[in-house]
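Make a model of the complete structure from these sequences and hints.
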Amino acid sequence: MGLKRNVSLATGLRYKGQGPMLTFVLHRIGGLGMGIFVTVHIVASFVGGEIGGFANNIYTHWLFQIFIFFCALFHGINGLRITVLDLWPKLIVYQREAIWMEWAVFIPVYALAVIIVLQTALGG
Amino acid sequence: MKSRSLPIKDRGLNFEMFMWLVTRLTALAMYALLLTGVIGALIMGARTQMNLADVIRWSFMPNPSHVQSTNVPDLLPWSTTFWQLIGSAFLFIAVAHGVHGLVVIADDYIVKPRGRSIVRFLSIVMVIAMTGMGLYILWTQ
Numbered sequence: 572m573g574l575k576r577n578v579s580l581a582t583g584l585r586y587k588g589q590g591p592m593l594t595f596v597l598h599r600i601g602g603l604g605m606g607i608f609v610t611v612h613i614v615a616s617f618v619g620g621e622i623g624g625f626a627n628n629i630y631t632h633w634l635f636q637i638f639i640f641f642c643a644l645f646h647g648i649n650g651l652r653i654t655v656l657d658l659w660p661k662l663i664v665y666q667r668e669a670i671w672m673e674w675a676v677f678i679p680v681y682a683l684a685v686i687i688v689l690q691t692a693l694g695g
Numbered sequence: 072m073k074s075r076s077l078p079i080k081d082r083g084l085n086f087e088m089f090m091w092l093v094t095r096l097t098a099l100a101m102y103a104l105l106l107t108g109v110i111g112a113l114i115m116g117a118r119t120q121m122n123l124a125d126v127i128r129w130s131f132m133p134n135p136s137h138v139q140s141t142n143v144p145d146l147l148p149w150s151t152t153f154w155q156l157i158g159s160a161f162l163f164i165a166v167a168h169g170v171h172g173l174v175v176i177a178d179d180y181i182v183k184p185r186g187r188s189i190v191r192f193l194s195i196v197m198v199i200a201m202t203g204m205g206l207y208i209l210w211t212q
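Going line by line, the protein sequences match chains A and B.
Take 572 as the starting number for the first sequence in the working numbering and just add one per residue.
Take 72 as the starting number for the second sequence in the working numbering and just add one per residue.
Bear in mind the hints are in silico, worked out from the structure with no lab data behind them.
Keep in mind it's a predicted model, so treat the numbers as computed, not measured.
Note that the Cβ used here is the ideal one computed from N, Cα and C, for glycine as well.
Beta-carbon label-pair distances, calculated as ranges:
| no. | chain 1 | residue 1 | chain 2 | residue 2 | range |
| --- | --- | --- | --- | --- | --- |
| 1 | B | L146 | A | Y586 | 50 to 58 Å |
| 2 | A | F638 | B | L84 | 33 to 41 Å |
| 3 | B | A103 | A | V685 | 22 to 30 Å |
| 4 | B | R118 | A | N628 | 30 to 38 Å |
| 5 | A | G583 | B | R118 | 49 to 57 Å |
| 6 | A | G694 | B | I195 | 40 to 48 Å |
In structure tokens, the structure reads:
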């Protein structure tokens with residue numbers, strides 16, 4: 572126990588992992604974002620009243636919706652890639668192709684959702 | 072290039088490996104539950120001009136309060152035991168998957184054994200608290 576990384580934060584930030592590294596970072600941000608959101612949401616629903624209403628006002632805001640939908644959609648699609656590649660390890664050699672495919676699904680779906688959210692929020 | 076990874080059944084089993092597998096399997100299970108929610112919402116909301124956002128909100132957690140503000144005329148089909156069970160299953164799975172994910176992230180930054188024990192203790196508290204509060208919300212409408 573007590574693993575040491577032996578790498579400073581500055582070195583870590585200079586690491587050029589490119590595409591796969593980007594999905595790793597976004598997967599983490601997405602997971603953390605959803606974790607915090609779901610925790611706050613459950614606690615707010617449980618407590619209710621004024622505090623619950625205050626939390627409600629935050630996550631019905633369109634900016635928050637755009638953020639949380641990014642988290643959920645990216646984490647979901649990237650998670651599916653991880654699941655498929657991990658459960659069928661022979662497919663790992665196609666990791667880069669899988670990541671391209673992932674973006675090909677993510678970008679149109681997310682763009683459409685953002686357009687709809689913005690139309691409802693700003694156009695209505 | 073040949074794949075250098077071991078076949079899954081040759082990797083042995085300890086708690087970390089078990090949770091690694093659970094994380095992947097719960098991901099698939101959540102896809103199944105989401106699909107159940109989408110299909111249910113499309114069937115029950117078919118004639119009410121239900122929009123995409125409401126369908127998605129229902130699918131992430133099939134709790135009647137998630138469709139209360141929409142133009143669904145009758146909440147009765149949305150608050151059956153079936154949907155409470157689906158919601159509970161989603162809750163158990165999502166909490167296990169999510170809290171384990173938080174532990175994995177914490178382990179990357181907290182490397183001392185004592186810190187890791189604290190993280191594990193907190194994670195158990197969080198699982199119990201989140202599941203308890205979620206079940207209370209789902210079953211006492």
